[in-house]
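Engineer: Residues per chain, in single letters:
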Amino acid sequence: MRDNKLLKYTSYALLLAFTFAMIFPVYILFKVSLSSPEEVMTDRPTFTIQQPTLQHWQNILLTDKTTDTGQAIYEVASGEYTLSNEEGEEATFGEGESLTVNGVTRNVRSLDVEGKQIQVSLEDLQVFREELTTSKTMFGAVTMNNLYMPLLKSLMVACLTTVVAIIIAAPASYVISRMPRMIAYAVVLALLVTRMFPDVGIALPIATRFISWGFIDSTFGLVLAHLIPNLPFLAWILVGTFMMIPKDLEESAMVDGGSRITALVRIVFPVAMPGIAVGAIFVWLNSWNEFIFARYLSTESGTLPLRIYEVITNGSIFPAAAYSMILTIPVIFITFLLQRYLKSGMLSGAVKG
Amino acid sequence: MKKMRTYLTVLTMSAFVLAACGGTDDTNDGGDDQQGSDEAGETEGGDDDILSEEEVTEPSEDGVLHVSFGLGESEWAVFRTEILPAFEEMTGIEVRAVQVESGDLVNKLTAEIDADNVTIDMFAQDVNHLTGLVSRDLVEDLSDYRDVVPDSVIDGMMEVSEFEDELLFLPYRPNVEITFFNEEKFDEYGIDLPRNWDDLLETAQALEEETGQGRVAIKGILEDDTVLHMFDFIRSAGGDPHQFNDEGSIEAMTFLQELWPHLSEQSTTANWDTMNQYLENDSIYLGKNWPFYIGEFHANGKDEIQAYAGWEGPEGMSHALGGEVIGIPRGSENVDEAIQFAEFLMSQEVQELLVSELAWPAVRSDAYGLVQGYQEPYFEAIRDALEHAEPRGNVPYWENAEQIYIDAFQQIVVNGEDVESTLNNAAAEIEELREDAE
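Sequence order for the protein chains is A and B. Here the first sequence stands for residues 2 to 354, numbered as in the working numbering. Here the second sequence stands for residues 719 to 1156, numbered as in the working numbering.
Just so you know, nobody snuck in bad clues.
From the derived model, a few chain B residues whose C-beta atoms are all more than 12 angstroms from chain A:
| id | residue |
| --- | --- |
| 1 | 861 |
| 2 | 907 |
| 3 | 908 |
| 4 | 910 |
| 5 | 941 |
| 6 | 964 |
| 7 | 965 |
| 8 | 1054 |
| 9 | 1084 |
| 10 | 1095 |
| 11 | 1108 |
| 12 | 1138 |
| 13 | 1147 |
| 14 | 1150 |
| 15 | 1154 |
Pulled a few chain A residues facing chain B out of the computed Cβ check, cut under 7 angstroms:
| id | residue |
| --- | --- |
| 16 | 38 |
| 17 | 39 |
| 18 | 104 |
| 19 | 105 |
| 20 | 300 |
These are calculated hints, taken from the structure and not from any lab test. Even glycine gets a Cβ: it sits at the ideal position worked out from N, Cα and C.
Could you put together the complete structure from these sequences and hints?
Structural biologist: Given below as structure tokens:
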């Protein structure tokens, strides 16, 4: 009895430790995305959030309002400012007036009053910039390109890859599972052999072929690319699942008048649903996080992992943490959605002795 | 199970609908699809200084120029809101600019050129990552466009753009590593900034004694960053890193061997990226790096991280010249437009804006920007260091040689092996590569 209790408490302790190890990195990401830089950028960062700020989230969710041509729209915060050019011409910009500033052409152009523009020196322009404010928007071109489009593309690619992979792999795996054991083993082995080569090694030749087919920046192309590494593993998982389902089960259905297809759809696939759910989660996560093929096959419209890579390599850890949280949220959602189908004991009592 | 089927059906339908709406995406960074020839020429005056009317060519068939850069967030903001709109307004050529990291560019272009489907018309690439582009024959020869390069472009940038007398790239942005230090910590411990090798060793030892661990770092990650630091040490000792077993090289590697035990253990993982993180979280107090992260130091409230040009060796100061050049992929269908954009980027007005807004040193000696505020001291450091900048040297065998330098660093500095014999072996290997290349 005492041994059982010891085993029980040890299990709890291990489970807690394991859960903590899993959740800890996500918590750190969450904390960094909501912490002030002073709190994180020190040799002794705190474990809890001391000074919460939404600034990092605002930085990635909001951008300056721009004109159709991409120029930032500034406003005069207060007062009136008169600028003059080398020829002595003057233009006055008043409080609340919207304008654009371009340092290349040294041009200040009012948006409210048509034709009111003046070219001044770079020095004057810089001084004037200090008096200007910008308005933010959630759906500016920059946010669309940096966040929403990559997010949408990642979702599309991951969902399509999962669906197509299951449509292809489930029937194929069923057939393999009903082959003589040695042949099934050989086929599964052959499938897995294709995964012996690292993606990083085969990505370039595959990408070259895909690009020649015009699949650059294409959702369809990326789905095809993601099927390459995922189909063999999915088939492997599903062959194991279908092998566990007794042939007698479908034969019973056929004895009761169902066709093979009916037996497959009504009996075998529902019973195999836990395995299919595991496979779906596996494929979805792989596709959601995939990076190498996306990097080769994307120029203008990348996926979210590519975007995070860009932020991490060129920016601060704060927007990177916020982006990473956005990458994590759908994973949690999908996992919770599919985990309910991961039930054991589906076959208990399915076939009478 | 019915629910599962419903979910799957909904998921499938949604995904197909989304895919149908998505397909080959047609997005761009500026959100400026409407921008085009209708706005060309609207800007009055000033434009003639940048591109004359004769220089403005007709836009390509689709009027779109696809370019790639490897920029940080604040740098993108200046390009998106000022540089690209100004160019588009003047020429009517729409520019779609995308982010491609310098480390990814070679493979990406290889795939596109092999597939005969080049989607990038022009790119900016790190000057120390050009060999792969050249050895794989991925870029157009731009020798016929020498005259678009302004006379005032600094010599070193022309040198890095040429390979065996062919102009394969156009200079656009010089850069140099500066030495960052934590001013508060140096004040706290009363330690002066190291100005020469002896100071550097003393500083590393003093900080180690004061804090119980090494606080000075070099990029000892055993990657290309490490090689650039080796070049700086060797050249500042009067050595020739391409020979690698001369007196200067021996002196420099001997010094590094002596310095290594007093450096931060994070030197083994310090590269262009992590060095900033180590400085920012106060793990190290002194380290050399590229200046691209200055804006983030400021934004993150780390103004105590200041910079200066660095220390001298026995024969003076040396910094590897970095920065970016412009290249045009072989097979680009918009070469004329790309040249026009390159010319625009090299123009005095754009260079002055880059100096003023981003504290980038100008590629031409006649571009004077106005660096203000927190950027000023960093810009001073960059200018000082740039005076001692030397190109790494475009040798055709570089891709194979790099590993020889890294191995020598590991053997001598990390493992503490004999300096002379290791360098002799490495030099012999480099000589062999040189002979093969010839």
